[in-house]
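A.B. asks: So you can see what is in the structure, the chains are spelled out below.
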Amino acid sequence: MKAVADGERRDGKPVGRRVVVAMLGAGAAGVVAGAPVARGIGNVLHSLSARTESNLAGLVPGGDYFQLYTVTNGFPPEPADYRLQVGGLVRRPLSLALGDLEALPSTALVKPFQCVTGWRVPAVHWEGVALGHLLDEAGATKEAKALLFRSFDGVYTESLTLAQARLSDVIVAYRMLGGPITREHGGPVRLYVAPMYGYKSIKWLKAIDVVDKVYPGYWEQRGYAVNAWVGRSNSDVGAPIS
Amino acid sequence: MTAALFIVLIVTGACLYVPQLVALVGRRALLVRIHVDAGLALPVPLVASFLGPWGKALRADVRRLNRWSAAERRWLRMLLRREPVSRLALGKFNAGQKLMAAFTLGVMGVTLMTGCIMRWFYFWPLSWRTGATFVHDLVAYIFVAAVIGHVLMAITHPRALRSMLTGRVSREWAQRHARSWLEEVEAGGGESQQA
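Heads up: the protein sequence lines correspond to chains F and U, in order.
Take the first sequence: its letter number 201 is residue 201 in this note's numbering, and every next letter is one higher.
Take the second sequence: its letter number 171 is residue 171 in this note's numbering, and every next letter is one higher.
The set of hints was computed from the structure by calculation and includes no laboratory data.
Where is the CB? At the ideal position from N, CA and C, for every residue including glycine.
Heads up, some of the hints might be wrong.
So the derived label-pair ranges between C-beta atoms look like this [said to hold, decoys possible]:
no. : chain 1 : residue 1 : chain 2 : residue 2 : range
1   : F       : Ala97     : U       : Tyr141    : 42 to 52 Å
2   : U       : Gly55     : F       : Glu78     : 54 to 64 Å
3   : U       : Ile155    : F       : Glu78     : 39 to 49 Å
Generate the whole structure from the sequences, applying the supplied hints.
C.D. replies: As structure tokens, then:
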């Protein structure tokens, strides 16, 4: 007990507690006000990266860059003979090589990629075929209500209703960020669903099945909203995600 | 325990974040689960050993770590100015160790708070999620740098490392680096340490 008394005799200022409280306060402030700060830092890093031709923006937090997600064992290798299959409740099933997709009328978009967890990449260049156009080509039957997307990673799936699929800013993309889509970004072909969170934009797109109802996708089976409108969903209180 | 959880968190965090490691490991859902569980468990051993009846020594250490004497504040200032500091009478912990302890506790609080916002994101507005992600990443970067610095310091100061593992320091070392503490111990106020 004497040691404690001695310790108190030496007293001094409670700097430790102040440091902890200050950090918690700064952390909370960062949560509330951090988004514009992160965006500002991202802009600065982007111009610095461009000027120095380095990957600075990709190396430090706050840089506007993609975080690369994959739910399987790494990024799947690109199939030697890539073909996108469109089947199910259609009159004319399609099997499209990359060249076939490129030959169809293209849609170019400059729109952000917004992850549901918060990170965001502004003004990404996307190019591909409007999903609605592919549906017209295949000719969905009367029973068709929704689409089921499958990834050639063998695990990931996604869903859209037919009405959502026909929105003009929903494309089967084969170019992004000014070049062919790289493997880690889901190349050669991925979906881009502009009005929804990133998990709808399935990577490594292998097949589109036209189906009679919505089959919830990979993250949707784990609690994410099926109708993933940016800013208007995933506030379902209590929904588990793991 | 706490150190082991920190290591798990840093490793799984890196595998979720660094593109090269993401490519190597993948399996996002599993890693998220381990990362979140380890994060939630992080404060448990510390709180348990602080509050339990066995926590007397820890409570005394926390009390020491919290309070900074004038000499310690001076120590830090002198260190920053690269002046020799060995003449100062310091206690059991020097100001650097006290700063790291407070910083680590702050990191635990901030990453736990922002991590919970990222994990249970549906309760929060989108801009808060962005802010939480930014703060979580930033704090993790700084903390990993601090941990690396800490490990390097321990390796280059083998006697301090040995004292951490065995709980013993030599009288000569204490005389030089922690004079106030030595005087305190010799005055008969020993807790668990042997000189």
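A.B. asks: So, for every hint listed, does it hold in this structure?
C.D. replies: Hints versus structure:
no.	hint	verdict
1	Ala97/F with Tyr141/U: 42 to 52 Å	holds (43 Å)
2	Gly55/U with Glu78/F: 54 to 64 Å	holds (56 Å)
3	Ile155/U with Glu78/F: 39 to 49 Å	holds (44 Å)
Hint violations for this structure: none, all hints satisfied.
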